[in-house]
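A.B. asks: Listed below, chain by chain, are the residues.
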Amino acid sequence: MKRFDYYQPESLKEAYQLMEKFKGEALYVAGGTDVIVRIKQRAIEPEALISLRGLKELRGIKDNGGLTLGAGTLFRDIERYPLIAKEYPALHQAASMLANLQIRNVATVGGNLCNAAPSADSAPPLIVLGAMVVLEGPGGKRKMSLEDFFTGPGQTAKEPQEIMREIHIPEKDANTATVFLKIGRVSQDIAIANAAALVTMENKVCKRCRLAVGAVAPVPLRLKGIEEKIEGEEITDDLLQEVEKMVCDAVSPITDVRATKEYRRTVSGVLVKRAIAQAVASLEG
Amino acid sequence: MRKVISFTLNGYNVSAEVESHKMLLEVLREHFELTGPKEGCGQGECGACTVLVDGYNVDSCIYPAFEVDGKSVVTVEGLLREGNKLHPIQQSFVENGGVQCGFCTPGMIMSAAALLNENKDPSEEEIKRAISGNLCRCTGYVQIVESIKKAAEMI
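The listed protein sequences derive, respectively, from chains A and B.
Take 1 as the starting number for the first sequence in this note's numbering and just add one per residue.
Take 1 as the starting number for the second sequence in this note's numbering and just add one per residue.
Some hints could be false.
[What the hints assert, rightly or not] Computed far set for chain A versus chain B, every beta-carbon distance over 10 angstroms:
1) R3
2) P9
3) T33
4) K40
5) R53
6) D148
7) G152
8) Q155
9) R165
10) E234
11) I254
12) R258
13) V270
[To be verified] Using C-beta positions, here's what the derived DEER-type ranges look like:
14) E231/A - E125/B: 52 to 62 angstroms
15) Q91/B - D249/A: 37 to 47 angstroms
16) S6/B - A281/A: 50 to 60 angstroms
17) K207/A - E153/B: 44 to 54 angstroms
18) E82/B - A281/A: 29 to 39 angstroms
19) C101/B - A174/A: 51 to 61 angstroms
20) K86/A - E125/B: 45 to 55 angstroms
21) E124/B - G60/A: 49 to 59 angstroms
22) R2/B - N64/A: 42 to 52 angstroms
23) E124/B - G139/A: 48 to 58 angstroms
[As the list claims (entries may be wrong)] For the chain B half of the interface with chain A, some residues (derived, Cβ under 7 angstroms), not all of them:
24) M1
25) S20
26) H21
27) H31
28) L34
29) G44
30) G47
31) Y56
32) D59
33) I62
34) P64
35) F66
36) S132
37) G133
No lab work stands behind these hints, which were simulated from the structure alone.
Cβ atoms here follow ideal geometry from the backbone N, Cα and C, with glycine treated the same way.
Produce the entire structure from the sequences given, and follow the hints as far as they go.
C.D. replies: Structure representation (structure tokens):
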């Protein structure tokens, strides 16, 4: 491991100033459960880490019709927030399946998104919920949809000096259900594949559908074409079979130590099919 | 880069001058000579280094030492009660065969302590979830879960 300096700014302004000073040789770090491990593995060798843990303005969950998550909110806090469990079960499920307790006690949702692993468990549920992320830098704030935020494995639209501040989730429509599913060797493992579905039903017809899969493409992937196929339809077994096939064709997985690309392709279709079916069932139940 | 950090360690106010790249685990083992927490993987996978920070179980091998400034840290040594009496969780691991090679034990016990601080009567499923970040390569999980269950009854 290469040695690094560790700064603990007390304001966003101070954080930006430190980042400016190191001119690209520094990294922001929140919980550190990805960044520190990568430093230990010598995958990255930053001169300095700028810790965002002390910035209270990045923490906390606000229920304002929709939901605002401070980017520095711990997965443990998301997992234990009763309104999220009740109204946004896909996010609750992802937060409670992400790694293990020791990690969830320090890892943050903003860190998970900014590290931009294609397998990031928080990404598919937040994408189907229509999340917008707020990025802030010395030049001001900007807002973008989460699906546009990811640009490649480990790559995002965030400029190095910017900090993710908040994640906004719009108010939930009536008759809407969400489900998150994950395949891993065990659930706390990094996902071989994961998927989230949102469905809004009206008189047995799917009025609105949002689908996203992870670990099967260079970025967490929204499946727009397949959503359009489902909207306006009754969700039958035949339709779900067709959806399963379409997902397998839409993804572009790789083979790695966790699974082959063939397995990922097959299982992503199954996960999406099951997630839709479970979401519909939860509305009927 | 160095800094003096002050924190509560097993109930005592302590301070130490540490380097910025040091993790809490190294400071506990090398500076404070508390060798209960172990380095297994060093990457936050195995949980052998588990300690409590402000009551929550964390992997001390990936917890920057600078971050414990002003916080409270408890290691397995800190569970001992007056007169070096074992804590009920420790006693239960001894009595119920929860210890085989012993390497995972301090971490297991700290995850159990975090669980029992919040939930006095956990189900078997809740116990298993609570120790899912602690690997036992002797695979003695049945006795470990049993030890935690019995400890909950003792507390």
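A.B. asks: All the hints need checking, so say for each whether the structure fits it.
C.D. replies: How the hints compare with the structure:
{"no.": "1", "hint": "R3", "result": "4 angstroms, violated"}
{"no.": "2", "hint": "P9", "result": "12 angstroms, holds"}
{"no.": "3", "hint": "T33", "result": "6 angstroms, violated"}
{"no.": "4", "hint": "K40", "result": "6 angstroms, violated"}
{"no.": "5", "hint": "R53", "result": "6 angstroms, violated"}
{"no.": "6", "hint": "D148", "result": "30 angstroms, holds"}
{"no.": "7", "hint": "G152", "result": "24 angstroms, holds"}
{"no.": "8", "hint": "Q155", "result": "23 angstroms, holds"}
{"no.": "9", "hint": "R165", "result": "21 angstroms, holds"}
{"no.": "10", "hint": "E234", "result": "37 angstroms, holds"}
{"no.": "11", "hint": "I254", "result": "22 angstroms, holds"}
{"no.": "12", "hint": "R258", "result": "14 angstroms, holds"}
{"no.": "13", "hint": "V270", "result": "24 angstroms, holds"}
{"no.": "14", "hint": "E231/A - E125/B: 52 to 62 angstroms", "result": "38 angstroms, violated"}
{"no.": "15", "hint": "Q91/B - D249/A: 37 to 47 angstroms", "result": "59 angstroms, violated"}
{"no.": "16", "hint": "S6/B - A281/A: 50 to 60 angstroms", "result": "54 angstroms, holds"}
{"no.": "17", "hint": "K207/A - E153/B: 44 to 54 angstroms", "result": "52 angstroms, holds"}
{"no.": "18", "hint": "E82/B - A281/A: 29 to 39 angstroms", "result": "55 angstroms, violated"}
{"no.": "19", "hint": "C101/B - A174/A: 51 to 61 angstroms", "result": "56 angstroms, holds"}
{"no.": "20", "hint": "K86/A - E125/B: 45 to 55 angstroms", "result": "21 angstroms, violated"}
{"no.": "21", "hint": "E124/B - G60/A: 49 to 59 angstroms", "result": "34 angstroms, violated"}
{"no.": "22", "hint": "R2/B - N64/A: 42 to 52 angstroms", "result": "43 angstroms, holds"}
{"no.": "23", "hint": "E124/B - G139/A: 48 to 58 angstroms", "result": "54 angstroms, holds"}
{"no.": "24", "hint": "M1", "result": "4 angstroms, holds"}
{"no.": "25", "hint": "S20", "result": "4 angstroms, holds"}
{"no.": "26", "hint": "H21", "result": "4 angstroms, holds"}
{"no.": "27", "hint": "H31", "result": "17 angstroms, violated"}
{"no.": "28", "hint": "L34", "result": "18 angstroms, violated"}
{"no.": "29", "hint": "G44", "result": "6 angstroms, holds"}
{"no.": "30", "hint": "G47", "result": "6 angstroms, holds"}
{"no.": "31", "hint": "Y56", "result": "4 angstroms, holds"}
{"no.": "32", "hint": "D59", "result": "5 angstroms, holds"}
{"no.": "33", "hint": "I62", "result": "5 angstroms, holds"}
{"no.": "34", "hint": "P64", "result": "6 angstroms, holds"}
{"no.": "35", "hint": "F66", "result": "5 angstroms, holds"}
{"no.": "36", "hint": "S132", "result": "5 angstroms, holds"}
{"no.": "37", "hint": "G133", "result": "3 angstroms, holds"}
Checked against the numbered hints given earlier, the structure breaks hints 1, 3, 4, 5, 14, 15, 18, 20, 21, 27 and 28 and satisfies all the rest.
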